[in-house]
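For this one, chain A is given, so just place chain L on it according to the hints.
As a plain string of letters, each chain reads:
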Amino acid sequence: MKILIRSGRVVDPASGRDAVGDVAIADGRICESLAGEPERVIDARGLVVAPGLIDLSARLREPGYEHKATLESEMDAAVAGGVTSLACPPDTDPPLDEPGLVDMLRRRAKALSRARVYPVGALTVQLAGERLTEMAELAEAGCVAFSQANSPLSDTQVLWRALQYAATFGFPVWLRAEDYCLARGGVAHDGEVATRLGLPGIPAFAETIALGALLELVRASGARLHVCRLSSAGAVQLMRAAKAEGLPVSCDVGAHYVHLSDMDLGYFDSHCRLTPPLRSQRDRQALSAGLADGTIDCMCSDHTPVDEDQKQLPFSEAEPGATGLELLLPLALKWGEQRNLPLARTLARITSDPARILGVQCGRRSG
Amino acid sequence: MQSNPQLNANGELRHLLSIEGLPREVLLSILDTAASFVGVTEREVKKVPILRGKSVFNLFFEPSTRTRTTFEIAAKRLSADVINLNIAASSQTKGESLLDTVANLSAMQADVFVVRHASSGAPFLIAQHVKPHEHVINAGDGRHAHPTQGLLDLYTIRHYKRDFSRLTVAVVGDVLHSRVARSLIHGLTTLGTPEVRVIGPQTLLPTGVESLGVRVFHDMREGLRGADVAVMLRLQSERMRGALLPSAQEYFKHYGLTAEKLALARPDAIVMHPGPMNRGVEIDSTVADGPHSVILPQVTFGIAVRMAVMSMVAGTS
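Chains A and L, in that order, are what the protein sequence lines are. Residues 1 to 367 in this note's numbering are what the first sequence lists, from first letter to last. Residues 1 to 317 in this note's numbering are what the second sequence lists, from first letter to last.
A couple of the hints might just be wrong.
[Stated by the list, open to error] Computed cross-link-like contacts, DMTMM-like style, restricted to lysine to aspartate or glutamate with a CA-CA straight-line distance of at most 25 Å:
| # | chain 1 | residue 1 | chain 2 | residue 2 |
| --- | --- | --- | --- | --- |
| 1 | L | K46 | L | E72 |
| 2 | A | K2 | A | E32 |
| 3 | A | K311 | A | E326 |
| 4 | L | K46 | L | D81 |
| 5 | L | K131 | A | E308 |
| 6 | A | K68 | A | D91 |
| 7 | L | K131 | A | D91 |
| 8 | L | K46 | L | D32 |
| 9 | L | K131 | A | E317 |
| 10 | A | K311 | L | E96 |
| 11 | A | K68 | L | D100 |
| 12 | A | K311 | L | E62 |
| 13 | L | K131 | A | D309 |
[What the hints assert, rightly or not] So these bits of chain A aren't anywhere near chain L, every CB distance computed over 12 Å:
| # | residue |
| --- | --- |
| 14 | P38 |
| 15 | D93 |
| 16 | L215 |
| 17 | D293 |
Read the hints as simulated data drawn from the structure, not as lab findings. Virtual Cβ for every residue (Gly too), placed ideally from N, Cα, C.
Bound conformation, chain A alone (with noise of 0.2 Å):
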């Protein structure tokens, strides 16, 4: 099949190039010039074309939790919102700690033929924090990083000798930064608004004092350490000094977190209560600006489908969780036009820099 998308707006986020021309496809890659006549062209004029998005954490609730939603109907939802590319949290029900839940993961997602998926193993066997999975085996079934979602890794000797066994591989680790002695019974921001609604807080050092210790394990053993959500000011602080530093490490936040903070909790709005939750109007510009300047590598839907029952209960006791993956394009627009920035820097947050830590070949017009 040749396919010819005529007089767009060709936006390629990983050079930078933005201008209007044609993109030509032959047998679904994209490629300098069609042989021949286009069977199908596409009048693309007063429009952008871009890569398809990369969305590093979108949940799909399979296996385990299909009365949340079904890999078919988060695929669905991926391809609406422009998402070609997706990894997805092993926190599965059961978790993807072995190579026949990760495969059977990518044979379905792969019969469906709608967005890649890019399954995160399990870190540790159940995510309970105590044994390693068999981190070869699981890459040889298809995960591209070893995760804990957001389940605790308390000991931190274990969290050390999983960082050791992933850097001998070169398996990169994504984790989340927080302390769970600190965050422990809290829902909301330890702040104002916190002490206002009588609501557990979880103070931002629960992030700054995890971040802290994570990067010195880094130090020790060179691991490849991607950090998820992002939430507070001061995590942002240490990044960019890390990165300054030349650690291995990068990170992202999710596009609800630049626009939200906790001050949309309003009269205990359930639907605001995320994990890590939303935090301050500081600390949400300081995420925003991460994200301009390149200290947080990229922008991610961390898409969590909870079912209305969940959500319909007094804020501490709902489920965290909101859906995104069709509004990682809109709001990651609408933070770039906030921040005055142009086409193509935006959309490298949510399809080549994500690329780039998925290390896959995806997300700009030519390899």
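Chain L in isolation, oriented as in the chain A frame:
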């Protein structure tokens, strides 16, 4: 930000969920209405027909004696039918959701839900889902608010001190876990109290408590100096388990109200406590039973205040 869910389009009280966000005029009108009911509670026939034919459901998802009883008395004095439900012991343990429980009771023709719940914000959730003619009164939600207690505290202060605009009020103890403190602080600042102080160790004061408009004291003697009102908060014994405090003895030594510490307040200072009291933990018996104590009048005023709130949200006239 959503509009205030407690008020109807005319700015009248539809639910009572929190003192925060209620305009000064609404607060004063509740206190004035309560004053008119104090007379009723002192008559031989202690009933008025304001809620005749209406049903008040006391929905207590958390145990309570005093609050539930005073709500029941208040509703009966307004001639309402009162149904007490101790939900902690029934459907919730069978896995029924909060909103399902409320929907079922609503099908039994409720007019007023008086709700106590361990989770902050639960009454807001219920208020979003009740029918237009139904009203929700928060009888204490988590650490968030206990507006009728706050109102009866304000009523008591006004009764003894008349004018808020010259007062220094000290709230002492476990502010972190206290819905009573939060409600009272909002009420005091709304009514123009120039100095509201909170006194306690850092472990019992919430982050950024100054943003509520209070001055923070860690030294109780300093904080009580020149105070017109001392409000003692209940200290629950489980606080000793979570590394918040070492012991009740040490707490009493530093933050328990004794006659000696009270002497630093103004000579005509009043002492309040929302109950139930822990004698010898947050307050010494000589003070609790002494001439400055207005702890029992608080309970009496509580009935009039709850009558006022119920009549204002659900009354026909």
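Going down the list of hints, with the structure as the test:
Of the pairs offered as hints, the one joining K46/L and E72/L holds, with about 13 Å between alpha carbons and a cut-off of 25 Å not exceeded. Between K2/A and E32/A the CA atoms are separated by roughly 12 Å; this keeps the pair inside 25 Å, and the hint holds. A distance of roughly 19 Å separates the Cα atoms of K311/A and E326/A; the hinted pair therefore holds under the 25 Å criterion. For the hint pairing K46/L with D81/L, the CA-to-CA distance comes to about 15 Å; that is within 25 Å, so the pair holds.
A threshold of 25 Å between alpha carbons decides the hint, and for K131/L with E308/A the separation of about 20 Å falls inside it, so the pair holds. The hinted pair formed by K68/A and D91/A meets the criterion: a straight-line CA distance of about 14 Å does not exceed 25 Å. A threshold of 25 Å between alpha carbons decides the hint, and for K131/L with D91/A the separation of about 39 Å lies outside it, so the pair is violated. Simply put, K46/L and D32/L have alpha-carbon atoms about 19 Å apart, close enough for the 25 Å limit, and the pair holds.
With a C-alpha separation of about 23 Å, the suggested pairing of K131/L with E317/A holds against the 25 Å cut-off. In summary, the hint linking K311/A to E96/L is supported, as the alpha carbons are separated by about 15 Å, within the 25 Å threshold. Distance hint between K68/A and D100/L is fulfilled; the C-alpha atoms sit about 20 Å from each other, no more than 25 Å. Restraint check for K311/A and E62/L: the C-alpha separation of about 21 Å stays at or below 25 Å, so the hint holds.
Restraint check for K131/L and D309/A: satisfied, since their Cα atoms lie roughly 19 Å apart, inside the 25 Å limit. For P38/A, the shortest C-beta to C-beta distance to chain L comes to about 52 Å, beyond the 12 Å cut-off, and the non-interface label holds. Chain L leaves D93/A outside its interface by the beta-carbon criterion, the shortest separation being 20 Å against a cut-off of 12 Å. No Cβ of chain L comes within 12 Å of the Cβ of L215/A; the nearest lies about 25 Å off, and the non-interface call holds.
Its beta-carbon lying about 29 Å from the closest one in chain L, D293/A satisfies the requirement of being farther than 12 Å from that chain.
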